[in-house]
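Let chain A serve as the given structure and place chain B on it in line with the hints.
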Amino acid sequence: MNAANFPQTLLDQLTALLAANPELGAWYTAIVRFVFPVLALLILIRTIRSLLTVPHVPEVWAYLTLPNGASEPLTHWENILGRAPASDVVLGYPTVSRQHAALIRAEDDSWTVYDLDSKGGVTVNGREVEGQASVAYGDVLALGGVETVLLAVSQEELEARRKARKAQRPVSPWLGLVLLTVFQVLTAVQLIVAEGQGASVAIPTTYLCLTAVMWAYFMFMRATGRVGFEMETIAFFLCTLSLAVTASKNPGGLFKQFAAILLGLTLFVVLGVFMRDLKRVKKIRWLMAAAAICLLGATLVLGTGLNGAKNWIVLGGMSFQPSEIAKICYIFAGAATLDRLFRKRNLGLFIVLTGACMGCLAIMSDFGTAAIFFAAFLVIAYLRSGDWATLGLITAAGVGAAAVVVTLKPYILRRFATWGHAWEYASSGGFQQTRTMSAAASGGLVGVGAGEGWLQRVSAAETDLVFGMLCEEWGLIIAALAVVSIVTLAVFAVRSCRAGRSSFYTIAACGAAGLMVVQTCLNVFGAVDILPLTGVTFPFVSVGGSAMMGSWGLLAFLKATDTRQNASFAIRLPSRKQGKRLAAPVRSEESGWEEGDEEA
Amino acid sequence: MKRIEKRAGVCLILAAALVLGLCFYALRYVLYGGKWVSLAANRHLYNSAGQLSVGRVLDRDGDVLSWADEDGNRCYYDGETVRKATLHAVGDASGKIGTGALVAFADKLSGYNPITGAYSLQGTGNDLYLTLDARYNYIAYNALNGRKGAVGVYNYKTGEILCMVSAPTFDPTYPPDIQEGDEQYDGVYLNRFLSGTFVPGSVFKTVTLAAAIENIPDLLDRTWTCTGSTQVGEGTVTCPSAHGEMDIYGALASSCNGVFAQLAVELGPDVMAAYAEKAGLTSSYQVSGISTAKGRFDLSSATVNDQGWAGVGQYSDAVNPCALMVYMGAVANGGKAAVPQLVLRTENSLGWNLSPYFKHSTGRLIETDTAETLADMMANNVTETYGATRFPNMDICAKSGTAEVGGGKAPNAWFTGFLRNEDAPYAFVVLVENGGSGADVAGSVAAQVLDALVNGY
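So the sequences go chain by chain: A and B.
Residue numbering for the first sequence is 902 to 1501, as defined by the numbering used here.
Residue numbering for the second sequence is 280 to 736, as defined by the numbering used here.
To be clear, the hints were calculated from the coordinates, so they are not data collected in a lab.
Note that the structure is predicted; figures quoted are calculated from it, not measured.
Don't take each hint at face value.
In silico lysine-lysine, BS3-like type, Cα no more than 27 Å apart, as pairs [unchecked claim]:
id: 1; chain 1: A; residue 1: K1183; chain 2: B; residue 2: K285
id: 2; chain 1: A; residue 1: K1064; chain 2: B; residue 2: K281
id: 3; chain 1: B; residue 1: K281; chain 2: A; residue 2: K1020
id: 4; chain 1: B; residue 1: K281; chain 2: A; residue 2: K1184
Just chain A, with the same shape it has in the complex (with noise of 0.2 Å):
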């Protein structure tokens, strides 16, 4: 028996065990349908715990000590100095501004000060600082005649807190990941006893594959010493679910959804190892603004109509939606560094990016989707600029647009009219929804097993509809399981902010992480009838190949914000070289708070 022959053994010895006890597999799926919450329960709580837990204790990266002979840790790569109390570094004196200075340390441990238009200004060694000046460790760094030393930390220091860091590990994938294995293999076969006789050989053998590629993984990045897989651990959980579906709606798009999903993984890593220098994103930003126009543009000129929306570029028998992947170049381009917030304050050319984007997402019909863009902006926007009142202004103009929008296309309407009366309308308007809810409720808390649902056989079941395809055949537990993953990654991305280095990171992980929340809540909200249906997809599991690319790419945003010692690949492990540092001059005293926690 050969490799490449070693499913079609495993499938046809299944089918011939089933064939001769019929009773095994309705046995089968009586039993395995309790199985698999529990096992959900089992792989998600942990990890799920894991993300919501994590302590996030800053990094430290320098000193600054204070006249008053304080010396004030900075934790973050970007740093405001001023006296408003939401500074990064208070400095309570009258004549320094509210924010006085930003201090900004480069990826090579070089640090940089940047006068924020303050009124005593800023000097360094006593020299005036026009806009910005490089600030070397031992420099004196005076705000306002306010005068503090930047001082490096001691390699014992870093090594310390390393530890300390370190200390507080993310929970051990391998037991999560042994339980997901099992989980994978009891889904195969319960989709080729739902399959029955004519279970097509996909099935084993693009799980085979999931399970090999999922364990390649994570045991390429242990190897590489990174300890975090929560993210991973839930995206490939996902993923499981998303094979499932697919193969209830259309066993022979099995290797289609799997090559998405190794393409998705690549485009995680490639993205999470690009963002470990900071230097080259800045760079690319305004690459990506236009890769997201060009994008959306590309679908306007070339796009057809699938279902009503024209967001569809089909290449030599691809289909492709562009605007999966435009999601991800969008905040790209919206997140943004410390030093560009305050040196161009206003959001002018965020704006036009997003006028763009959401004028050709308009003109294309597809209003889920420019929803999804219109509400990543308002988080980039309210975390670059923290400003309500023009994002209200915005708001209310993107409101007004939509009416014009209605006023010269009055059918759109139309899809909206059956909201909230889908059992009024049950054959016409209401009809995808009634049957998501039919099909739902008959799924019970525990599903009727992977496969034997006939929601699939409803159009766009596998995309719209997945959350009614999850409640059917796998149950409530399980859905609102998925649910609650995606409402984790939010919860992570903004815990992160504290140990955050850049607010490129950090504004890029809420970004992304709101993205999918929204987009999560029109999907699933949409198939049942508590939100207009608008036709987005589930991040991670509604079948298709753009979808999973982006979502996946998504993820490499809340990666990248992932600071916990050594947990994300998307961070460069600290370099030994490091230790030059050593003739720089250091604080003198010791403070007591890291043998306190060393000890925890």
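Okay, now just chain B, sitting in the frame of chain A:
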């Protein structure tokens, strides 16, 4: 960075919205899941023709009225008359009769529950036992003899509906092709007993009388002389014949319109409306989850003469047969009755009873003393007018009604009341549309059904 950290809270708001929405969905799922699964497109429970393909409907004795064969097709009792007589209780295969068990109790039949959903290992569903006895339906249907109408009998102490027939009907095994506007099948999908409302005519005098007993102190001492036509307000209220001189007992027994019209006007529209409402005739009951139709008693634009006619159950009055039957049960039972129910129990394949029977009581529909006086007067009706020999072994109290429907059609015949027998605590209502005389036509239908109930044949 600290600033941005604070602003990032906006993501938490979005996440909270998602969680809240999910909770809202879960709540709706728990509340309405049973309704959702009962969609005819749900292939777990319905075959490709939209017929419920799981579950059996049985009567209280265990006679199987409807089941699904191995291919998931609906089958019905072997006997055409029983099939027709139980059609509105059981429901048709295509689900047009919304109050039939196959639609209204689809979630019970399928064995649906929010934990395991619609899944069952054998895929057979549950056995639903109705409170009905198919034999009484059979007798009632035969007694209606092809006329349109409704028959209902229930135990006013427990609430179990023993007999419920609505006509016209059809054979669900061979459903006819019914054209819009076909007289023969006028309103055939409507269960007249639960969902219909009709002009009550003289049976409404039981409500006017209850109001009069409580609000006119010298009622029992009064006498009236009926000449066949009485001036009420700006017009007259007529009786079919001159009833001569009588007291209130005689007025009810001869069903004198003149007397009750005068009483209604004397009581005034507000008091009358209050008593119609208190009697439960203008509100809806939940019969095992099925809402009954609301009756109407609206004097908001009535003249004095209209008020008189409304007091004898004409004008714009309308009552639902089931609600009237419950009122009769309350008169019998000292002012409160059990709410009627249709589902006796539901058994799954392991024989577990999944919907145990719990009695529900109505509010106070009539004061206890008033109910006793009214019952005596209604008993007097039977001995004086209807003939006690027609109802052997029964301590029966009843009121007939002959409700003019206009349009040149024969009046609706009503006969409603209750038994005071300790071992047969039944309230009943019979309506024969365009049947003619209430006491004769509807009374004889009631007599046949009650005879079978009390005397066993």
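Here is how each hint holds up against the structure:
Between K1183(A) and K285(B) the CA atoms are separated by roughly 24 Å; this keeps the pair inside 27 Å, and the hint holds. Between K1064(A) and K281(B), the direct Cα distance comes to roughly 25 Å. Compliance with the 27 Å bound is thereby established for this hinted pair. The hinted pair formed by K281(B) and K1020(A) meets the criterion: a straight-line CA distance of about 22 Å does not exceed 27 Å. The suggested pairing of K281(B) with K1184(A) holds, with an alpha-carbon distance near 25 Å, which does not exceed 27 Å.
Checked against the numbered hints given earlier, the structure satisfies every one of them.
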